[in-house]
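Chemist: Taking the hints into account, I'd like the entire structure generated from these sequences.
Residue numbers (the numbering used here), protein chains in the order written: chain A, 1 to 132; chain B, 133 to 640.
Hints were generated in silico from the structure; no laboratory data involved. Check the hints yourself; a few may be wrong.
[Said to hold, decoys possible] Each pair of labels, with its calculated beta carbon distance range:
id	chain 1	residue 1	chain 2	residue 2	range
1	A	Q107	B	E501	19 to 27 Å
2	B	D523	A	F24	28 to 36 Å
3	A	K20	B	A294	56 to 64 Å
4	A	K20	B	N571	45 to 53 Å
Just so you know, even glycine gets a beta-carbon here, dropped at the ideal spot from N, CA and C.
Now for the letters of each chain:
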Amino acid sequence: MGKILLIVEDDPLMQRMYEKIFKFAKLDVVTASDGEEGLEKARTGKPTLILLDIMMPKMNGLQVLDKLKADPETKNIPVIMLTNLAGEKDAETALVKGAVKYIVKSQHDPKSVVDIVLQILAAHSREDVPGS
Amino acid sequence: MDSSPAAASPNSSNVTSDSWRHVADWIIDEIPDGICCIRRDGVLEYANPAYRRLPGVATDSSIGLFEQSFYKNADLWNKVQKVFEGVPFEVEVQCQVADHLRKVYHVRGTPQKPQNGRGCERVIVVVEEITERKQMEEDMEHYIKNIRNEQIRFLASINSLAIGFVIIDTKNNILIKNGAVDTILNLQDMEGSVLLMGDISYIEEKLKSDTFDLHSRWQEAIVQRKVILEKEILYGSKFLRIFISPVNVSDSQTIGAVMLIEDITEQKVLERGKDEFFSIASHELRTPLTAIRGNTSMIKDFFAETLPGDVREMIEDIYVSSVRLITIVNDFLDVSRLELGKIQYNTSSFSIADLADEVLKELLASATEKKVALEMENTTESLPHVAADRDRTKQVLFNLIGNSVKFTQNGGVYLSINREDGFLRVNIRDTGRGIAKANQSLLFRKFQQADSSLLTRDTTKGTGLGLYISKLMAEGMGGKIWLNSSVEGVGTTFSFTLPVSPLAATHT
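Modeler: This is how it looks when you write it as structure tokens:
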């Protein structure tokens, strides 16, 4: 189907874990280890969906989200925030800025993250169909 | 005055017939002060009635008795002798007239006009009783001293305060101000004269900001007679807390206001540190735990068949442990943030019945596994929406229903919702083992598990923070939570309330 996920996550433990589960789910994964790299790969790779961590070096996830939503090239790519920050304020900020979902990593088994991603992808492609 | 023998005998009937003399005698007789006249040879030549009434004064004219009685109290006799040399005296004499009666006299000795330049022949002694006046003076002195001491104590106390203390009258004047005010507001550099007392307006000027106007605030305190607390005012680089209270002297009269100014900068810095600590702690603790949970969960999901049974069990245990640890970390973080008042409630209007349904569905698996029924009762009534934070409410429901499922072995857990003036009340009834009376009062406290001491804690049942968190959250959203009833062996009912949404959309 040519669906590519971009995982922007600085912690190698998390990055490897999510990379694996999506590979198990037969999805193509591209990874980036900081905000700048993530933004760059979002622009060049045109991923179908982005999983974006918040606390990251160089550029934090909320800043990346701002840039993604400001760029016509990337603004339609659905973004799921993936974080372990406790504050619900960040969740709200992210949703206001245009993220489709906010996932607290510790609250979900990897498989349920995949389920959420698949649901969003399904909804997104349904929306896309009439336009394309 | 002459010194004729006629005057030698006191109260002599042999007085001159001159009318002025009569008058003078009469005055001297009536005068309340004791007056006497002593001759150089020691004979008491004359004494008026008041003098004779003095305590210890003999009725005869022998001077010796004076020395032994009245005069013995002081060095009076020597003083009298000196008067004959032309040195008058004036002295206060205390006289113990009875066991508990002490009198005070003012005694004045003046020489008769000297003759032939060699001293005088007679001394006039005037004795005035001043006991009462003296007492009054002493009382007054005592009183003033007391006031002064009180004042010193009062000023010393307020000056030793680290909190700024100001008393203002109703007309803008500072009545009392301590040094801390200057320190906190950095007023030391200002002109000393301005600082002393005077007008409050220079402090008002200093504190004025877009959000705070001291003048109107303390006016408000005085006029409306209410206590005002400003929890946090930014002043330069400092954070201040200001408390203003009217000073009422009676039900109808307010004479001014007391203002306390506290520098809470340090406190704020600490608090901020705590905030940061919690969010970092939450992030740093949860990330490795998430990796343990996630990877074990993937092993379970994708490699279970390839593993020997023991290893599978070990993986399962690691997984369960990580989930339990994550729950504990989350509980601790919730408690810290709730206690600090750092949790924001996103109030919205929603159907609590729908939310309860959601929670029941999520818990159904664990209930079914235990063969415990999990049901909603009486949903026929049309219920209004509640105004609360949906996620937090879900957490409360989860805690309560989860607890009930946990402690019920037979029967079931039943939910009911009803209206109760302005609130919706949710009841969670179970047929579980019940809670002993002695433990009921501890239920909503931190770390309490019903029927357990520290050593008998059932650590698989969680941290004992669930009810405490639920209570803080329910109260934080304007509701209440309580143990409705619990009978050992029969079951337990918990209830909580949440305010009905002002939008009052009914749930159908």
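Chemist: Honestly, do K20 (chain A) and A294 (chain B) meet the 56 to 64 Å range at C-beta?
Modeler: 59 Å, holds
Chemist: At the C-beta level, are Q107 (chain A) and E501 (chain B) separated by a distance inside 19 to 27 Å?
Modeler: This hint holds: roughly 21 Å between Cβ atoms.
Chemist: Does the Cβ distance between D523 (chain B) and F24 (chain A) fall inside 28 to 36 Å?
Modeler: 30 Å, holds
Chemist: Is the hinted range of 45 to 53 Å satisfied by the C-beta distance from K20 (chain A) to N571 (chain B)?
Modeler: 47 Å, holds
Figure legend: structure checked against the earlier numbered hints; every hint is met.
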